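Chemist: Here are the chains, one letter per residue:
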Amino acid sequence: MSVDLEAVHARDQGLVERALAGDLEAFNDLVGHYQDFLFGLVVRVVRDREAAADAVQEAFFSAFRNLDRFRGGSFRGWLARIALNAATDVLRLRKRRPSEPYPEWEDEAWQPPTDPDDDPEAQATRRARSRVIRTAMEAITDDQRRAILLFDVEGFDYQEIAGITGVSLGTVKSRIHRGRLALRDLLADQMELFRE
Amino acid sequence: MTAHLSNRAADDHAGHDHQLIVAYACGDLGADEARAAVQLVEQCRRCAALDREIRLMPSLAHHLAVPSRPRDFRLSAADAERLRGSAVRRLLRRLGGPGLAPLQPLAGAAMAIGLLMVVTTAALPIFFAGAGATAPAAERALDAGTGGAEGGPEFSLAPFAAPTEAPLAPGADEGKSVIDTATQATKIEEAPAAPAPDPALLIGAGLVALAGAVLIVRAVARRATEDPLLR
Ligand SMILES: [Zn+2]
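Top to bottom, those sequences are chains A and B. Sequential numbering from 25 applies to the first sequence in this note's numbering. Sequential numbering from 73 applies to the second sequence in this note's numbering.
Excised from the complex, chain B in its bound form (with noise of 0.2 Å):
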C-alpha cells in the first residue's frame, strides 16, 4: 500500500510544472504563477525539495575555483601606437565614428529634401506641360488653317501650307519670301539659348550629391573599421 501511494506522489510529480517551480525559486512569477507554484510546494514533497535545492544552485557557482591569471594585461606605449593605427586608419575611424554619427540623420533628411526639390522642379513642370500641351495645339491648328488639322508645329506646317495658297503676282511673291527670311532671321536670332536651370533644382541636386557623399563614407569608414568584438 505505502508503495503504491509512493509510485503514485511520483507519477503526480511527473505531472508537475518544474519550470513553474523553478521560475518561482528564482522569484521571477507574478502573484498568480506564485500562487499556484506555492500549492505545488505545499502539496508535492518533491516540488518542495526542487525548489528548495533551486535556490541553493547560485551559491554553489561560487565553489568553482578560477586559475589565477597568466599574466598582466596593460598596455605598453608599442601597443598602444600599433592599435591607435596609421593616420588613414585614424582618419577613417573617426569619419566611421559615433562623433560624426549626429550627421547622418541630417543627410538622410537632406537626401529627402534634396529629392523632394529635384521632382517638384524638373519633373512636376514636365507633367503640367504634358497635360496642357493639346490645348494651344488645337489653337494652333485653328490659326493655321489647312493641313492644320494634325496640330503640327507652326513651323513645319509653312512649306506645306504656301504652294496652296492663291497665287501672287511675281513681284509680291518675291516680296513675301524676303519677309519669311526675315521672319525666319528674328526667329532663329530669338530662340531662346538653353533655359537657366532653376536654382531650386540646383539646391535639390546638391542636397542630394551632398548627403549621398556622406552617407556613403560614413558607410565605408564604419565597414572598414569595424571591430568583430563588437558585434
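This is chain A alone, in the form it adopts within the complex (with noise of 0.2 Å):
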C-alpha cells in the first residue's frame, strides 16, 4: 500500500473513531471528501442526476446509521459498496416503472466543461467523444460497466472491485475484459475520434 494510501486510511479512520464518539462534524468531513467521488460513480450508474443524488444521500444515511459496521482499511471502498447497492435499488424501482423519465442524455448538466482555451473544434471533439463513449457505455451490461467504472477510472484494483460487487476476483476481471472487447466492438467505426 502506497504512503498515500495510508495517510488516507489512517485519516479516514480518525473520523469515523471521532464520529462514532458523536462528533457529526466528523462526519461530515467524511462526506466532504467523498461527495464527489460518490455522486460521480453512482450518476455514470443510474444516468440520472436526481436519481443518482438520493442513492447517494441514501448511502450517506447508511453509512451513518453503520459507522460501528465499517471494519477498516478502505472508507472510499466501503463506501462505494453502499452507494452501489442504493444504485441497484434505484435501477431496480426504474426497471419495474419503465414509465419513470429516463436519463437526460443530451441535458447541458452531462455535456463536458468548456476549457476557455479551447478552440471551438476542441470544444466539438471532445463533446462528441463524450457522447460516444456515453452511448457504447450504455450498450455494455450493467455489471461490465461497474467493473470498467471502478477500476478504469476510479481507480480501484481488481481485489477492491471484488468487495464491492460483492463477486470473485475471476468474475471481476471477466466483467472487465468482456466489457472492454464489447466497448471496443461499439466503437470500432468511432475510434479515429479518440486518436490525438
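The hints are simulated quantities; they were obtained by calculation from the structure and are not laboratory data. Computed from a predicted structure; not experimentally measured. For each residue, glycine too, the CB sits at the ideal point set by N, CA and C. Errors might be hidden in some of the hints.
What the hints assert, rightly or not - If you only want the chain A side, here are some residues facing chain B, beta carbon under 7 Å, derived:
{"#": "1", "residue": "N52"}
{"#": "2", "residue": "F85"}
{"#": "3", "residue": "A110"}
{"#": "4", "residue": "R153"}
{"#": "5", "residue": "S154"}
{"#": "6", "residue": "V177"}
{"#": "7", "residue": "R208"}
Make the complex out of the two chains shown on their own, each in a separate frame, by following the hints.
Modeler: Structure below.
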C-alpha cells in the first residue's frame, strides 16, 4: 500500500472514530472528502442526476447509521459498495416502472466542461467523444459498466472491486475483459475520434 | 489472389482466441498464456489491432463527462438525530452490532459445553441404569424364592408370597403382621425424597439457557436493525 493511501486510511479511521463518539462534524468531513467521488460513480451507473443524488444521500445516511460496522481498510471502498447497492435499488425500481422518465442524455449537465482556451473544434471533439463513450457505455451490461468504472475511472484494483461488488476476483476480471471487448466493438467505427 | 489471401486471414482471425488477446492487453496472463498471445499478436494483423485498441479502452472511459453534483450531502443535526433513532432502536443496534460480536462464538461454545454436561449427567446414568437392571433383578428373584421368577420388585411380590407360606400359629401370624406394618412404615419413612439434582446438570442447563438467550437476542436485534444497503 502506498504511503499516500496509508495516510488517507489513517485520516479516515480517525474521522470514523470521532464520528462514532458522536462528532457530527467528523462525519461531515468524510462526506466532504467523498461526495464528489460517490456522486460521479453513481450518476454514471444510474444515468440520472436526481436519482443519483437520492441514491448518494441514502448511501451517506446508511453509512452514518452503520458506521460501527465499518471494519477498517478503505472507507472509500466501503462507501462505494453502499452507494452501488443504492444505485442497484434505483435501477430495479426503474425497471419495474418503465414509465419513469429516462436519463437526460443530451442535457447540458452531461456535457464536458468547456475550457476557455479551447477552440470551437476542440470543444466539439470533446463533446463528440463524451457522447460516443456514453452511448457505448449504455450498451454494455450493468455489471461490466460498474467494473469498468471502478477499475478504469476510479482506480480501484481487482481485489477491491471484488469486495465492493461482492463477486470473485475471476468474475471481476472477466467483466472487465468482456466489457472492454464490447466497448471496443461498439466504438470500432469511431476510433478515429480518440486518436490525438 | 490478394482478395483470396485477405479472406483467408479474416477466417483465421475469426478462429483466434480474442479473449486471450484481451486478457493479454489487460496484463492478466501468466507467462505461458502470454507467450501464446504474443505469438498471435505477432502473426495476425487483426489480433495486433485488437491488442492495441483494448489497451486504449481505459483512457477512453475518462472522456465520459459527468454532471456536477446537484447538492451538498453533509448531514444536518436533525438528520443525525433522526438517523440515530429511538433509545430502543439504539439498544437493538448495540445488541446486534459488531461490538458484541465476540459474544457469538462464546455463546456457541457455552451452548456446546452446556449440552455436553446435560447429556453426560442426565442421560448417561439412565443408560447405565437400564443396562445394569437385569442383574439386581435376578438377585431379587432368587431372594424372593417362589414366584420370584418374573423378577418383579420386592414389594409387589409380598402380597402373593404370603399365602403360600406355611401356616403359622394365630399369635405368630398376628405378630408377623405387626412387624410387617412396622417395616412398611419404616420403608415409607426411609423412601428417599426426589434426589437432589446433580450440580453439573444445573450448570449445564444454565449454560444452555444463557447461550440460547444470547444467540436469540443477537439474531433478533440484527434482523430488526438490518440495513439492505449493507447487503
Ligand atoms: Zn487474429
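Chemist: Identify whether the interface hint at A110(A) stands, where standing means a beta carbon of chain B within less than 7 Å of its own.
Modeler: holds (6 Å)
Chemist: Holds or violated: F85(A) as interface residue toward chain B, Cβ cutoff 7 Å?
Modeler: Check passed: Cβ of F85(A) comes within 6 Å of chain B, closer than 7 Å.
Chemist: Holds or violated: is the Cβ of N52(A) closer than 7 Å to a Cβ in chain B?
Modeler: With Cβ-Cβ at 4 Å, under 7 Å, it holds.
Chemist: Interface hint check: R208(A), Cβ to nearest Cβ on chain B, cutoff 7 Å. Holds or violated?
Modeler: holds (5 Å)
Chemist: When the nearest CB of chain B is found for S154(A), is that gap smaller than 7 Å?
Modeler: Result: holds, 4 Å to nearest chain B Cβ.
Chemist: Tell me if R153(A) is really an interface residue toward chain B, meaning its C-beta lies closer than 7 Å to one of theirs.
Modeler: Interface hint status for R153(A): holds (4 Å vs cutoff 7 Å).
Chemist: Take the shortest C-beta to C-beta distance between V177(A) and chain B; is it under 7 Å?
Modeler: holds (5 Å)
When each numbered hint is compared with the structure, no violation occurs for any of them.
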